[in-house]
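Here is what each chain is made of, one letter per residue.
2 protein chains.
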Amino acid sequence: MTIIEAARTAATGILTATADAATAAYRDAVRTYSREKLRSVAMVGADGTDTMFVDVLVEDAIIGAATAAGANILSEERGFVDVGSAITLVVDPVDGSANAAAGIPLACFSAAVVVDGEFTEAMTSWLHTDERWWASRTASEYRTSGCTSLDRAAVSMLRPHERNRDAWWRVASAATRIRILSCSTLESVFVATGASDAFVDAGSDTHRLMDIAAAVVLVEASGGAVIDAYDRPVEFDADLTKRWSGIVASTPDLAEELRAAIAG
Amino acid sequence: MTIIEAARTAATGILTATADAATAAYRDAVRTYSREKLRSVAMVGADGTDTMFVDVLVEDAIIGAATAAGANILSEERGFVDVGSAITLVVDPVDGSANAAAGIPLACFSAAVVVDGEFTEAMTSWLHTDERWWASRTASEYRTSGCTSLDRAAVSMLRPHERNRDAWWRVASAATRIRILSCSTLESVFVATGASDAFVDAGSDTHRLMDIAAAVVLVEASGGAVIDAYDRPVEFDADLTKRWSGIVASTPDLAEELRAAIAG
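Residue numbers (the working numbering), protein chains in the order written: chain A, 111 to 374; chain B, 111 to 374.
A few of these clues could be false.
Pairs involving identical chains hold if they fit within one copy or between any two copies, as the list cannot separate such chains.
Simulated crosslink set (DMTMM-like; lysine to aspartate or glutamate; CA at most 25 Å straight-line) [as the list claims (entries may be wrong)]: (1) Lys-147 to Glu-251; (2) Lys-147 to Asp-338; (3) Lys-147 to Glu-115; (4) Lys-147 to Asp-261; (5) Lys-147 to Asp-315; (6) Lys-352 to Glu-146; (7) Lys-147 to Asp-276; (8) Lys-147 to Asp-349; (9) Lys-147 to Asp-341; (10) Lys-147 to Glu-345; (11) Lys-147 to Glu-366; (12) Lys-352 to Asp-276; (13) Lys-352 to Glu-115.
Source of the hints: derived by calculation from the structure; they are not laboratory data.
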């Protein structure tokens, strides 16, 4: 067994232990603190955005679990915590933290494993129900819907901004259904399982790597595609200032049609 | 005890029995049938819209439970089933049936009780988790957020259409957050509990009575307001062709500001 093979074998256990820690910390947080406290800004994260108190609580638990298990961790608030491991977890401790802090039960722990520079497996866990979705690059129990055309697609989107108003509207008016769940990793899971046909940031460059890293594994292993609206590779990068406009789609054809609709 | 008092006492038990029947039928349906079958059009409902197979399965179970318990029922597919009772249930068997049929776990059973022409109590039940929210006109354990201003409000919306594009955009750009969960009764529950500040149909006249009937009780008893964008009363009416553009808000002030934003 090479070092890389050994790392891959260890990673699934580390993912599970980290998800367990995230769920326990999240549930303790919503039981213990008020909504005002949970959504208060606790710090400015390593990614340059405000970090809510609920994020800090869950992330601290995750970092403890991951590093104890021997993995490096790249996370939005603390940045890159390097313990010299062959395994790195790219983590969103609470994706949908605005939902979580308000009491909308749509928030997930999500992590992708990086070995030797490549995403190898990923897990997203719905914190409210503890339902979990896992896949590796080569094995998924899910299949996307197979939808190839935007005019037959149900599409999840990030909310519109003034800067991408026209692109947003082009996608929204072409699709058969639109949803905005404000939880990128859960919306990506629904593409992997075939419940939804696509999830897009329609060119607003809001996505950080941890918003779409798990989708690269979960959706692509299930028959779909993950690309960027502006053709940047969606790959491991420790620079947390980078942004993407992720397109997560049930097929490569639908991903390309969405890219064209965003470009206008 | 008058007949009306007796009817009010009986209604809570009928609501619970009907919710139990809905949950059991929904879970049996998603276990038994494919997504294609669940979302296939089974009939044209009494409300004039296509009815999915999943709706028919759950509605049949609900009608059985409600009429066995001695209540009339007004429901989207079968219309008004009158057994001569003093109690009428206005029911949405599966609100968010497109979600349910696709595998997006955001769908609810929702019912409002009508006695002597007035809504007296209501229950919404999240079919995926069986979490239930109940209130009467005079008693609620929930409180809305108390938000009074659109520029500080997190707003759930129906998806935009060409016919209400400008009104939709006015609301979406003024609010701090936008969500589209495609499940009106759950989005209304979140206003009652203070998780969200408002839920609106921005003037597209898509809402049927059963989409917002439970909100009239749950949200108003929790401190909020339910109005129509075009000033039509939101009240019991057995005519299922009627439509509203419901505004469900944490306060009367916020409801009025949303109405003004939709009017433009």
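Review point. Failing hints, ascending?
Key: Per hint list: 2, 3, 5, 6, 7, 8, 9, 10, 11 and 13 violated.
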